[in-house]
Each structure stands twice: as C-alpha cells, then as structure tokens.
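Peer 1: Each chain, written out:
Protein chains: 2
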Amino acid sequence: MSNQAVDDAISTMVISMAQRARQMAPLLARSSGAVRNRALERMADRLLAQQQKLLEANQRDLDAAGEAGLAPALIDRLRLDEAAIMAMATGLRQIVALPDPIGEISDLRVRPNGMSVGRMRVPLGVMAIIYESRPNVTADAVGLCIKSGNAIILRGGSEAYHSNQAIAACLVEGVTEAGLPAEVVQCLATPDRAAVGALLRCDRWIDVVIPRGGKGLIERVMQESRIPVIKHLDGICHTYIDRYADLAMAMELTFNGKMQRVAVCNATEILLVHQAVAADFLPPMAARLHQAGCELRGCPRTVACLAATGVPVVAATEQDWDTEFLAAILAIRIVDHFDEALAHIAAHSSQHTEVIVTRDHERAMRFLREVDSSAVMVNASSRFNDGFQFGLGAEMGISTDKLHVRGPVGLEGLTCQKYIVLGHGQLRS
Amino acid sequence: MSNQAVDDAISTMVISMAQRARQMAPLLARSSGAVRNRALERMADRLLAQQQKLLEANQRDLDAAGEAGLAPALIDRLRLDEAAIMAMATGLRQIVALPDPIGEISDLRVRPNGMSVGRMRVPLGVMAIIYESRPNVTADAVGLCIKSGNAIILRGGSEAYHSNQAIAACLVEGVTEAGLPAEVVQCLATPDRAAVGALLRCDRWIDVVIPRGGKGLIERVMQESRIPVIKHLDGICHTYIDRYADLAMAMELTFNGKMQRVAVCNATEILLVHQAVAADFLPPMAARLHQAGCELRGCPRTVACLAATGVPVVAATEQDWDTEFLAAILAIRIVDHFDEALAHIAAHSSQHTEVIVTRDHERAMRFLREVDSSAVMVNASSRFNDGFQFGLGAEMGISTDKLHVRGPVGLEGLTCQKYIVLGHGQLRS
Numbered sequence: 000m001s002n003q004a005v006d007d008a009i010s011t012m013v014i015s016m017a018q019r020a021r022q023m024a025p026l027l028a029r030s031s032g033a034v035r036n037r038a039l040e041r042m043a044d045r046l047l048a049q050q051q052k053l054l055e056a057n058q059r060d061l062d063a064a065g066e067a068g069l070a071p072a073l074i075d076r077l078r079l080d081e082a083a084i085m086a087m088a089t090g091l092r093q094i095v096a097l098p099d100p101i102g103e104i105s106d107l108r109v110r111p112n113g114m115s116v117g118r119m120r121v122p123l124g125v126m127a128i129i130y131e132s133r134p135n136v137t138a139d140a141v142g143l144c145i146k147s148g149n150a151i152i153l154r155g156g157s158e159a160y161h162s163n164q165a166i167a168a169c170l171v172e173g174v175t176e177a178g179l180p181a182e183v184v185q186c187l188a189t190p191d192r193a194a195v196g197a198l199l200r201c202d203r204w205i206d207v208v209i210p211r212g213g214k215g216l217i218e219r220v221m222q223e224s225r226i227p228v229i230k231h232l233d234g235i236c237h238t239y240i241d242r243y244a245d246l247a248m249a250m251e252l253t254f255n256g257k258m259q260r261v262a263v264c265n266a267t268e269i270l271l272v273h274q275a276v277a278a279d280f281l282p283p284m285a286a287r288l289h290q291a292g293c294e295l296r297g298c299p300r301t302v303a304c305l306a307a308t309g310v311p312v313v314a315a316t317e318q319d320w321d322t323e324f325l326a327a328i329l330a331i332r333i334v335d336h337f338d339e340a341l342a343h344i345a346a347h348s349s350q351h352t353e354v355i356v357t358r359d360h361e362r363a364m365r366f367l368r369e370v371d372s373s374a375v376m377v378n379a380s381s382r383f384n385d386g387f388q389f390g391l392g393a394e395m396g397i398s399t400d401k402l403h404v405r406g407p408v409g410l411e412g413l414t415c416q417k418y419i420v421l422g423h424g425q426l427r428s
Numbered sequence: 000m001s002n003q004a005v006d007d008a009i010s011t012m013v014i015s016m017a018q019r020a021r022q023m024a025p026l027l028a029r030s031s032g033a034v035r036n037r038a039l040e041r042m043a044d045r046l047l048a049q050q051q052k053l054l055e056a057n058q059r060d061l062d063a064a065g066e067a068g069l070a071p072a073l074i075d076r077l078r079l080d081e082a083a084i085m086a087m088a089t090g091l092r093q094i095v096a097l098p099d100p101i102g103e104i105s106d107l108r109v110r111p112n113g114m115s116v117g118r119m120r121v122p123l124g125v126m127a128i129i130y131e132s133r134p135n136v137t138a139d140a141v142g143l144c145i146k147s148g149n150a151i152i153l154r155g156g157s158e159a160y161h162s163n164q165a166i167a168a169c170l171v172e173g174v175t176e177a178g179l180p181a182e183v184v185q186c187l188a189t190p191d192r193a194a195v196g197a198l199l200r201c202d203r204w205i206d207v208v209i210p211r212g213g214k215g216l217i218e219r220v221m222q223e224s225r226i227p228v229i230k231h232l233d234g235i236c237h238t239y240i241d242r243y244a245d246l247a248m249a250m251e252l253t254f255n256g257k258m259q260r261v262a263v264c265n266a267t268e269i270l271l272v273h274q275a276v277a278a279d280f281l282p283p284m285a286a287r288l289h290q291a292g293c294e295l296r297g298c299p300r301t302v303a304c305l306a307a308t309g310v311p312v313v314a315a316t317e318q319d320w321d322t323e324f325l326a327a328i329l330a331i332r333i334v335d336h337f338d339e340a341l342a343h344i345a346a347h348s349s350q351h352t353e354v355i356v357t358r359d360h361e362r363a364m365r366f367l368r369e370v371d372s373s374a375v376m377v378n379a380s381s382r383f384n385d386g387f388q389f390g391l392g393a394e395m396g397i398s399t400d401k402l403h404v405r406g407p408v409g410l411e412g413l414t415c416q417k418y419i420v421l422g423h424g425q426l427r428s
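Chains L and W, in that order, are what the protein sequence lines are. Going by numbering that gives the first Met the number 0, the first residue of the first sequence is number 0, and it counts up by one from there. Going by numbering that gives the first Met the number 0, the first residue of the second sequence is number 0, and it counts up by one from there.
No lab work stands behind these hints, which were simulated from the structure alone. All figures in this text were calculated on a predicted structure; none of them were measured in a lab. We treat Cβ as the ideally placed atom computed from N, Cα and C, and that holds for glycine. Just so you know, nobody snuck in bad clues.
What the simulated footprint calls covered on chain W by chain L, stretch by stretch (three residues with Cβ under 8 angstroms from a Cβ of chain L suffice, anywhere in the stretch; the number is not a length):
no.: 1; segment: 248–257
no.: 2; segment: 375–382
no.: 3; segment: 392–405
no.: 4; segment: 410–424
Chain L extracted, bound-state conformation:
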C-alpha cells in the first residue's frame, strides 16, 4: 500500500473506534457504581492471573528497545516485573474504594417560583489518553475513566506496544466480565504515528484528550488537537525562603523539594532567598545539596555569598530561570524583598507549584492569594502537589491549565456538572 493508503486505512480504523466508543459511552454513563467497581475488580484479577503473559509481552518490548539502542533510563521506565503488575492491580482496587462521583446532586435550591435548581455530576463522555513509555499508565488511566463513567481510547508509546496491548486485553476482559460493552475500553492497535493525528481529529466523537508524557508529546497534541485538551506542560517550581522563615525548616523543605525525586514535575527547580537570611541560610544549604550531588547555579549575589565556602556554584544564565531541569540542578537567586520574590515568580513560574517558607502570617496569606499557580503552599514541600498526597485517591496527571481543572486531576476532573430542574408546571413570564 502507498503511504496515503496506509494513512487512510488508519484514519478509517481510528474513526470507527471513536464512533463505537461514542455509541457505547451512554451505557457506561448510566451503569451503576457497583457495576463499574466490579469491572475494576475483575481488571485487577485478570492482570494478576495473566502475569506470565504480561511479562512475556513486556520482554518483547524490552528486546526491541535494546536492539533499537534506547537509553537505559527509557528501558527502565518500560520494564514490568511482578511488583509492577501487583502495583497496577492494587491501584485499581484503590480506585474501587473511592466514592462514586457520578450522579451526585449538589446545590439543589428552591427558587422563588417553587422549582428546584441544582447540579448533577456526570461523566465527560469519551476520553482519549495519549501517553509514553510507562505501561502501568494503561491500567491507571482505564481505572480512573471507567470509575468516572467515561469510555476511553488508549494510545500508548510505540516502544511499549506489546506490553500495552497485553495489559489492555486484561482490562477489556474485566469490563466485559462486569457486563459492560467491550468498546468502552479500546486500545489503538497500531504503533503507526499517523494514528495519533487521526485520533486528534475525532472531535465529533471524543470529548477530551489527555496527553501524558514529555513536553514534545504535549506540544504536538496542543498543536494538532481539535478536541479540548487537559494538559500539563512544565513544572518550573519555586521555593521562596522568606526573611521570617524558620531556617532549619527551610533547609529541610528545600532539600526535600529538590532532592526527594528530581525527574518529576513538582520538584523544586528554583530557590529564591530573602537577602536578610541569605548569609545564614545559603552556605549550609548549598553544602548539603552539593554533598548530595546537586549542581548549583546562582545569581551573582549567590555566587558571592558562597565564594568563601568552597561549595562549587556556577553563574546562572537568564535561561536557567525558565528551565525545568528535571535533574539534580538547582538555580538560586537572592531577592531584596518579598515583592521581588512575587515578581520573579510571576515572570518565570510555569504556574505549577510554588512554596513560601515563613513564620509571618500576612506574608503567608499574601503569597497564597497572589501567586497564580495550580498549588500554592506555605511551609510544605513542593513535592506534595500530587493527587494521592492531596487526598484525591488517584490522579491522571497535574493540570497547569486554568479552565476546568487545575492541579491534580482526580475523578472529579474527569466529570462535569449539568443543571437539573425539578418543577411542577412552572412557566416563564
């Protein structure tokens, strides 16, 4: 077949999947919470029962990745073992335990004319999830979507193709064993990249697309999608040490925010320090970070402040203030006052997570109110911006959008509220 013919065939297949998902989504939306929970339980059972098959499929992907010369970090992300399969099953059972968001009625109030007006929480409809590398996302994403009554179309990374297919087969079995139509969980059965483009044009049948992966993937989806996108781009997170900070606490929070895990979106990338405490705070902080293997990049005053300590610090470039390092690198800037910290954050933040360390109540409150990020924290580690840590029970990602959902996307973020009206013949005059 010519390239065009292949593209057309893929496009036809993708449209047909999207149409089947749209057609079956209402059946799922009106199923009971018990049926949706049973589907998740059965999915977990199937994953554990099919462990051997999953490991074999994963081995095919690992072999191909090795031959293709994939970076060791990527191969590591790709790897499934018994513990990873158990974790997927456990994750699904944790979602079962969460309250059913669907059908919840809130704010039902009686209007002066006697009719009641309220809101009912309902599924969004059909979701497309486009993701990379980690095959466990397959189970997480399906669990959250089915629990929230949404049909789902999966498109995993081509390097995890066999693993994803094997996992998805278990998940579809779970769905059908619970009596739901198989079409509410579909997995794109081709590693061809043209399939993503075709999927992003299915705005007639798909309600929302969620990309999970690197910046390249997310930017491609944003560029091409005719479907609304729930996304998160960079996490350029700031921790600001105020002049009224408890410096011992500030040291722990900075170290935890930066080093607890470095390749994640809620890691602290930029440290701002009030000039009044820089001389006391920065030398021991820098020494500790350096000892732990963290590279330091400082503004000129930071470099001067650390000059006598022997801790290596390179001059930060302008570019550093706008970089998500995703590595053991910290950029440090000394600010003259609180408002300069706010101004730096306003100019450079990616609106993901910002932290202030202070004992001053008014500054804490101003920081909370004025910093415009998905999560704003007082005296806590930036690493807490996470659906599990916030008590949502699970998450599909962390949104840095402002519309619809901001911060961790849990079950509620996968639903919407429609208005309901209960009347007894009310007319508008």
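Please arrange chain W on chain L, whose structure you already have, making use of the hints.
Peer 2: Structure of chain W alone, referenced to chain L:
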C-alpha cells in the same frame, strides 16, 4: 498603507492591548471586593450621567445602519434608549449585590501528615469578549468580569462601534475612579475585522475568549482561536410529553417553551409526544399554537393525527430535527415509547436544554440522569435555562461545552480554583 501594513498595525495594537491587560490583571485580581464593587457603582453612575452622549453615539450607529440597509430586526437590536441605559446601570448594581467569589476557600481538610489542603477561588486572568449588535452586552460583560477580578478586552460588532466606544468610556471612568488601572477594561478601537484574528492569536496574554452572537461568529472563533473558548452553539431544545404527563400542564409548558420568546437559544424547537397521549394532546395543542402564529412541521403520524382538525401542518424534513429555528416554528414527532424519546434526543439534541413532562417518578429520574444536556428539566419550561432564572444573579451566556462550565455562565464560571496547602514543615517521604 497597503492591506498588509494595515493588518500589521492592527496586530501590533492588539498585542500591546493584550500585554497591558496581562500586566495589570494581577492588580485587579488582588484588589478587595469593596474596590471592585465601587468600580461597578461608578460605572453605573457614569452611564446615567452620560446618557445624552450615549444616545448621540447610538444615533450615529443607527444612521449608518439605516444607510447600509441593515434589516429592521438588527437595527432594533442596536437601538439604545433611556430605558436601555437605565437597565445597564441597574444590571451593574445587581452584580454589585452578588457575593464576591474571589478568595473563597473551600474543602480545606487536614491530611494525615497534619498539613491542610484546600482550594481557593481566583480569577481566570484576562478575558476577551467578542460580541455582536446589542451594545448593552458591553456593560454586562464588563460588570461580570470586573466583579470576578478578570481584566477584559472588548470587541463589539462594527455596526455598534460608536455606541460601544461611548459605553466603554463610561466603564473605564468607573474603573479609574475606584482606583483601579484603566487597562483592566479595554475596548478595541477599530471596526476592522482583522482585529478579531489578531486578538485570537494572543494566547500568551489572554486566558479565555467568550464569543457572544450568532453561529457564524462562534464558528469563526472556534476555528481561529488559539485561546481556550467558552462558547455556546445551537439550542435545539426538546420538550417531551410522556404518556404519564398531566396534559393540561404539558400544554402550558409546551406553549411557554415555544412561544414565550422565539428567537432565543432556550426556546423549545422540537416537541416529542408519546403515542399513547398524542390523540388527546396534539389537536388542542396544535390549534393553540397555530392560533398564536406558530408554524407546525410534523412527522407522518403527527400529520395524520392532525388531518381531521383543520390545523395546518407541513411534513417535517429530516433537516428539521436538527434545526434551531429561532422563530415561531415547531417540529413535532410522535414516539412509540420513552426510550425512543431518549434516543431521538441523543441523536439530535444540541445538549442545551431538554424537558420531560411526566407524573412518573422513575421516568423523571431516568430522564434527569440519562439526558446529556447543559440543563435537564422535569415539568418546567425550557425557557428557564438562564443565569437569572437559576439564581446566578447574572450571566455571560449559556455554555454547551462540557469542560469548565456547563449551562449559564455566571461569576463562578469566570473563575477557577487553585489548591492551597498550609503546612508546618511537612516533607514527602
């Protein structure tokens, strides 16, 4: 200047406006509710004080519209009189009386590690409102945006150019008299259509665009915008008369839904009637509608049902079931059973407003749960889907999107919630 030079000049002007709005938006966002209310009060004062100027500006638009041969209905929409100016001022004062949505903290709960996690309501940032004809939208939109802490860029219809400029001048005076920067209310000072395209490319500085107007405008904005859009497209609203309906009530609700005002998005366009009650219900209903000047278009069974009555009814085309008439026209279809009504709605609804008339509790509940529209009603007129009628106090439009806000867009729809965390040194382990 060449066309290209004009376009470049307009684009530069629009970008500069958007940048100024973005720069000043944080000042507005952190202003107190008292200051924002004072701005709205002053706007109302200025509109009343400048009544003569507004009427003169409006006359210029009316003269131009007459010369251009605009349709009388459009000229009517354009017209301002003393009552319309008073209504704008009153509308602003009604918004003053609404509770301040900004800064509200909800769901603040203590996590097991002792930190509190909750959500704070904040403005979206910078809004662009693109609208047609009615100049009173200028005041409504600015009132809602300023109350909710959002900077606003207005782009009204070119036929209302002088009226909109005069109204906006009053509104900017109100803002500055309250001590807020003038740049939080800006009005595009050119009737050139290229300005809309330039505005829709300002995704770096503008957070949301809301089109208010006809389908052509909304589709253009959806096509061109790189900024997220809150929109509503068609209102193809259904009223379904169930076999268990109170037929006297059904008659009133149908008549009110269709005829109370016909050129609006929440008017009933399609009437579905259960076959068991069609013979009793349709002949008197059709006679009453016909008498009031409503054209009837029926399915074959409806035509047969009305044949002996002498009430004229034309055969409905397939197209009619998917048409927003915005006129005194009603398409009528007899369905065999409740599920056929649901299926018709699922296939043809624009997800705006659907009504069931029934005394049966289970059918009422199924309709509420299963019909996927911005408002779903039992025994009430479709005309109630409206921000004022629902108790939101005001509205920016009615969203048929599912993401972010569904149904009437009031103050809450112009805000978002960020997470806040109050800790005392919590670290992630």
